[in-house]
Amino acid sequence: MSRAKTSEPQLTRREPAVPERERWLRMYRQMLRIRLFEEQVNDLYKTARMPGLAHLYSGEEGVAVGVCEALLRDDYITSTHRGHGHCLAKGASIDRMFAELLGKAAGYCRGKGGSMHIADQETGNLGANAIVAGSTGIATGAALSSKMRGTEQVVVCFFGDGALGQGVLYEVMNMASLWKLPVIYVCENNLYNEYTPYTETTAGDLCARAEAFGILSQQVDGQDVRAVNAAASTLVARARRGEGPAFLLCDTYRYYGHHVGDIQRTYYRSKEEEEFWRTERDPIALLGAWLVAQGMADAEALAAMKAEAWAEVEAGVQFGLDAPFPEASEVDQHVYA
Amino acid sequence: MSTPSATLSETGTAAVREITLAQAIREALAEELRRDPTVYVMGEDVAEAGTPFKVLAGLVEEFGPQRIIDSPISEAGFTGLGVGAAMTGMRPVVDIMFGDFIGLIMDQLANQAAKVHYMSGGKLKVPLVVRTTLGATRRSAAQHSQSLHAWVSHVPGLKVALPSTPYDAKGLLKTAIRDDNPVVIFEDKMMYQLKGSVPAEEYTIPFGVADVKRAGTDVTIVATSSMVQVALAAAETLEQLGISAEVVDPRTTYPLDKHTLIESAKKTSRAIVVDEGYERYGVTAELAAVIAEGAFYYLDAPVRRLGAMDVPVPFSPVLEDQTVATPATLTEVAKTLCGRA
Chain A
1 MSRAKTSEPQ LTRREPAVPE RERWLRMYRQ MLRIRLFEEQ VNDLYKTARM
51 PGLAHLYSGE EGVAVGVCEA LLRDDYITST HRGHGHCLAK GASIDRMFAE
101 LLGKAAGYCR GKGGSMHIAD QETGNLGANA IVAGSTGIAT GAALSSKMRG
151 TEQVVVCFFG DGALGQGVLY EVMNMASLWK LPVIYVCENN LYNEYTPYTE
201 TTAGDLCARA EAFGILSQQV DGQDVRAVNA AASTLVARAR RGEGPAFLLC
251 DTYRYYGHHV GDIQRTYYRS KEEEEFWRTE RDPIALLGAW LVAQGMADAE
301 ALAAMKAEAW AEVEAGVQFG LDAPFPEASE VDQHVYA
Chain B
1 MSTPSATLSE TGTAAVREIT LAQAIREALA EELRRDPTVY VMGEDVAEAG
51 TPFKVLAGLV EEFGPQRIID SPISEAGFTG LGVGAAMTGM RPVVDIMFGD
101 FIGLIMDQLA NQAAKVHYMS GGKLKVPLVV RTTLGATRRS AAQHSQSLHA
151 WVSHVPGLKV ALPSTPYDAK GLLKTAIRDD NPVVIFEDKM MYQLKGSVPA
201 EEYTIPFGVA DVKRAGTDVT IVATSSMVQV ALAAAETLEQ LGISAEVVDP
251 RTTYPLDKHT LIESAKKTSR AIVVDEGYER YGVTAELAAV IAEGAFYYLD
301 APVRRLGAMD VPVPFSPVLE DQTVATPATL TEVAKTLCGR A
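In order, the protein sequences belong to chains A and B.
Numbering follows the working numbering, with no gaps: position 4 of the first sequence is 4.
Numbering follows the working numbering, with no gaps: position 141 of the second sequence is 141.
Hints are not guaranteed to be accurate.
Stated by the list, open to error - If you only want the chain B side, here are some residues facing chain A, beta carbon under 7 Å, derived:
{"id": "1", "residue": "Val83"}
{"id": "2", "residue": "Met87"}
{"id": "3", "residue": "Thr88"}
{"id": "4", "residue": "Gly103"}
{"id": "5", "residue": "Lys125"}
{"id": "6", "residue": "His154"}
{"id": "7", "residue": "Val155"}
No wet-lab data here; the hints were simulated from the structure.
Glycine included, each C-beta is placed from N, C-alpha and C at the ideal position.
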């Protein structure tokens with residue numbers, strides 16, 4: 001049960017290896033896309049152009065990107081109510097994401113799912129789930145399916161620290177270990193179960209919960225995308241070899257509230273704490289500084305990437321706003337296949 | 001709409017055997033497991049034990065432990081696995097030993113399986129079958145005796161089948177396994193040893209097609225699952241009293257064959273709905289409303305309902321036996337409805 005941080009990523013891809021610099025630049029770009037997407041979502045909410053609410057992923061980008069960059073396109077993920085980052089990191093397009101969030105027919109689910117239910121079969125996204133730990137069974141079942149069909153697909157089950165309170169997680173981890181299923185349980189510990197510090201709800205050692213089932217567990221700094229990617233790559237390769245499930249605990253932080261409407265947060269966390277994570281522990285800034293220090297990019301190149309990502313987000317949101325709503329007659333379509 | 005005897009006369013073949021309902025279920029599973037390599041069975045004690053009711057006895061010998069899989073006692077967990085496996089190319093048949101345990105899997109059924117297709121805008125499918133049981137009078141008390149099919153019939157996205165004969169059990173289960181939607185099948189655990197005619201050749205029974213188990217002209221008795229045999233017995237008694245009862249078995253509560261129910265009620269002008277689920281807010285309420293709405297101007301009396309008594313199922317036989325309709329109680333209701341009490 002090693003919890004040592006793995007230093008170097010292990011190649012897991014069956015496709016030709018991508019040069020290291022390109023991989024890190026790609027991760028930087030992906031994190032930027034998620035960050036800017038979420039800022040635009042928050043703006044849509046604040047300007048009352050988006051129906052409902054959204055749970056923003058800002059601050060946690062290192063986890064989704066670090067993990068998904070260790071996966072192949074036909075590998076599966078399951079996601080959560082705070083799922084935009086997972087969907088984008090697994091390959092969803094920004095314009096169709098916005099269309100879904102705005103309830104438009106061009107959205108990934110024809111406007112039927114919305115922010116909390118984006119699924120995209122083409123990129124292996126089995127869906128975001130608004131029941132906390134609701135997708136843990138689905139992810140483990142997809143891993144069983146992969147094993148039964150002999151496809152070598154690996155499944156990543158993303159969930160937050162809140163899901164550690166749900167019993168079904170432990171039922172499926174038990175089976176995943178018994179049957180050596182290719183599933184990685186990625187716990188994003190952003191310190192809060194909605195509006196309550198996880199320390200008030202979660203007893204004992206978090207990794208020990210998985211270790212009790214004989215599941216290999218690792219803890220990693222979720223703000224360090226390189227560390228996340230290294231750990232995930234090792235665990236994914238191991239799962240693909242048939243060596244069973246793993247639990248990856250990622251320490252991270254959500255910059256915004258539980259959802260976009262949660263703006264008065266001082267009763268559960270301080271502004272100083274938020275400021276610390278934003279200024280000292282930002283996953284994009286940390287990777288950017290490393291890229292510059294390594295001579296892989298300069299400030300100008302990073303700024304150009306940001307401008308490029310912003311242009312994509314602006315075009316995407318305009319696409320979503322301009323897209324037509326579904327026909328009213330679609331309301332009772334897709335209840336049954 | 002073919003009853004076992006009708007099948008015999010229609011096909012004119014001698015290849016019809018008398019087998020039990022348990023054997024019919026086992027045959028359906030074996031045939032589908034042979035036909036489709038993506039079908040598998042998972043549940044508690046399904047392999048060597050063949051379930052406590054021995055319904056699955058012998059399957060693991062033919063198909064091996066990779067496809068007839070004993071699970072931990074984790075209903076929510078292994079039903080969840082079924083949902084995920086179904087979304088990714090498998091056709092799981094999940095065994096929930098007692099219907100009472102659907103309380104443990106309700107999130108997987110109602111929030112996951114039922115909604116995946118809709119929430120994904122029609123992209124993902126969940127071809128999952130959950131087999132479970134219903135029925136009291138087995139002296140199993142309050143947590144192993146309930147008939148909770150109304151709970152899942154309530155949820156859009158789920159289909160619900162209620163076989164009442166070996167013939168229906170086999171045909172409905174094969175249809176369920178081939179359906180691209182989540183289907184919950186409730187089997188009456190008191191009926192596993194009931195024998196009936198089942199053709200040797202392959203067949204399936206479409207969902208949403210009611211079966212007229214007995215034709216009649218004076219009163220319609222809509223009966224489900226365990227109550228079909230009760231209704232047929234009551235109909236015999238009523239016949240002797242000069243009342244001709246028609247027994248209609250919807251076979252699936254969703255999709256529901258409203259047409260057959262309504263047309264039968266229009267013909268007889270009187271209808272009783274009998275079901276083993278709790279009466280309040282139950283299947284009897286829904287079916288009675290369907291008939292009342294669809295046949296109102298043809299009815300000579302309000303539709304009567306006969307469900308299980310609204311109490312937790314008690315243990316003591318003298319208490320338990322009062323809670324479920326019997327041929328005698330149903331006969332009395334029918335006589336009253338026909339002005340013959």
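Do the hints match the structure? See the list:
The interface hint given for Val83 (chain B) is met, as the beta carbon of that residue sits about 5 Å from the closest beta carbon of chain A, less than 7 Å. With its C-beta approaching chain A no nearer than about 6 Å, Met87 (chain B) sits inside the 7 Å limit, and its interface hint holds. Taking 7 Å as the C-beta cut-off, the interface hint given for Thr88 (chain B) holds, the closest approach to chain A being about 4 Å. Interface hint status for Gly103 (chain B): violated, as the beta-carbon distance to the closest one in chain A is roughly 13 Å, over 7 Å.
Given hint, Lys125 (chain B) at the interface with chain A, holds; its Cβ is 5 Å from that chain's nearest Cβ, closer than 7 Å. At a threshold of 7 Å, the smallest CB-CB gap from His154 (chain B) to chain A is about 14 Å, leaving the interface hint violated. Contact between Val155 (chain B) and chain A, as hinted, is not supported at the beta carbon level, the nearest pair being about 10 Å apart and thus beyond 7 Å.
When the structure is compared with the earlier hints, violations turn up for hints 4, 6, 7 and for no others.
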